[in-house]
Amino acid sequence: ERVPARHMPVLTPPPPLRALRRQYALLASRKSTGTARPRLSRDAAVQPSPQHAVVQPSGQTGAAPGWRECRATGSVRSASELSSASQCERVERERLPPKSVFRRQLPAPLVAFSSPQGRRNFAEAMAAGQLEPYFPLSEQFVTQDEPTFCGLTTLTMVLNALNIDPRRRWRDEAGPGWRWWSDEMLPASCTVPLEQVRAEGTTMDDFARLAVANGARVRTRYACGESLDSFRASLVERTTSAAATFAVTSFCRARLGQTGGGHFSPIGGYHAESDSALVLDVARFKYPPFWVPVEQLWEATLAVDEVTGRARGWFELSAAPLNERCEHTLYSWRATSCT
Numbered sequence: 001e002r003v004p005a006r007h008m009p010v011l012t013p014p015p016p017l018r019a020l021r022r023q024y025a026l027l028a029s030r031k032s033t034g035t036a037r038p039r040l041s042r043d044a045a046v047q048p049s050p051q052h053a054v055v056q057p058s059g060q061t062g063a064a065p066g067w068r069e070c071r072a073t074g075s076v077r078s079a080s081e082l083s084s085a086s087q088c089e090r091v092e093r094e095r096l097p098p099k100s101v102f103r104r105q106l107p108a109p110l111v112a113f114s115s116p117q118g119r120r121n122f123a124e125a126m127a128a129g130q131l132e133p134y135f136p137l138s139e140q141f142v143t144q145d146e147p148t149f150c151g152l153t154t155l156t157m158v159l160n161a162l163n164i165d166p167r168r169r170w171r172d173e174a175g176p177g178w179r180w181w182s183d184e185m186l187p188a189s190c191t192v193p194l195e196q197v198r199a200e201g202t203t204m205d206d207f208a209r210l211a212v213a214n215g216a217r218v219r220t221r222y223a224c225g226e227s228l229d230s231f232r233a234s235l236v237e238r239t240t241s242a243a244a245t246f247a248v249t250s251f252c253r254a255r256l257g258q259t260g261g262g263h264f265s266p267i268g269g270y271h272a273e274s275d276s277a278l279v280l281d282v283a284r285f286k287y288p289p290f291w292v293p294v295e296q297l298w299e300a301t302l303a304v305d306e307v308t309g310r311a312r313g314w315f316e317l318s319a320a321p322l323n324e325r326c327e328h329t330l331y332s333w334r335a336t337s338c339t
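Numbering follows my numbering, with no gaps: position 193 of the sequence shown is 193.
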């Protein structure tokens, strides 16, 4: 007996195998990227709609065909409007201020502090007890406010890490009146005005005079009268001593393959296996803290300062006893001539 046509089941043919493969591949790509899964279309010829497109930054896999997200504008554009990632990057560059730089890449063999190798160096140096200055200095780590303030900012870090009381207010005169070191508090009449430091920077003599005038005991060591061995021994002694004592280097960036000239920064540690020192670079807008071979850093301290005509070097700083601070405070230096 024949079944009437009205009772016959309506059978929908399955989609072609190629369409199924394409849809499941799209599902897998969305699952791997963590994006929301849209409703599948039964028609293999229909492409995903823009609202269902997987939008990812340019250059990553898994994006829906024909659509991209421009990081500069945040909008989704078709392939005809934005054919490649380079076009989107060009839009980004056009939005940047003219004549501007966003950081620099560290040249080899310098090792970035946060890199895998930098972290291994840090862990091994800490296990060996050669990171004593890192912790008090990192508590006071600041970025220099001006390109020429590397000396002032380094000294600000060291004075605060040495827990030296400036004996004058920093901020909040109407409140508690906090006493704290900052860059603008350091220059004195016996050295150079702040505006001159902003225009020209500081020399090693200026740095030492400022440190002594503000309560630190300083030993200045010019590289021309030292050796690589004495330099290394000084760094090892500073980085392994439990007493509050710090090393500050004055070096030439060009000797390290970096851009720029003379620079000041404190030393945060020493790694014996690689014979490297940890430079806590205060110009963090330019370079991150980095590990540098001691021999290469020594060569950078031998560079002659064009202002003084002498080689650069390093400092050994600690807090001066209270009676010495009374003799060499900023106020007494102002009252006497500086020779």
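It should be emphasised that the hints constitute simulated quantities derived from the structure, not laboratory data.
Just so you know, not all the hints are guaranteed correct.
Said to hold, decoys possible - What follows is a set of in silico ranges between Cβ atoms, one per label pair, in the way DEER data are often shown:
| # | residue 1 | residue 2 | range |
| --- | --- | --- | --- |
| 1 | ARG219 | GLN87 | 54 to 64 Å |
| 2 | PRO116 | ARG93 | 25 to 35 Å |
| 3 | PRO176 | THR259 | 35 to 45 Å |
| 4 | GLU184 | ALA28 | 57 to 67 Å |
| 5 | ALA28 | SER241 | 57 to 67 Å |
| 6 | SER182 | PHE135 | 48 to 58 Å |
| 7 | ARG90 | ASP165 | 52 to 62 Å |
Note that the structure is predicted; figures quoted are calculated from it, not measured.
The beta carbon of each residue, even a glycine, is placed where N, CA and C say it ideally should be.
Do the hints match the structure? See the list:
no.: 1; hint: ARG219 - GLN87: 54 to 64 Å; result: holds, 58 Å
no.: 2; hint: PRO116 - ARG93: 25 to 35 Å; result: holds, 30 Å
no.: 3; hint: PRO176 - THR259: 35 to 45 Å; result: holds, 42 Å
no.: 4; hint: GLU184 - ALA28: 57 to 67 Å; result: holds, 59 Å
no.: 5; hint: ALA28 - SER241: 57 to 67 Å; result: holds, 58 Å
no.: 6; hint: SER182 - PHE135: 48 to 58 Å; result: violated, 21 Å
no.: 7; hint: ARG90 - ASP165: 52 to 62 Å; result: holds, 54 Å
Hint violations for this structure: number 6 only, all remaining hints satisfied.
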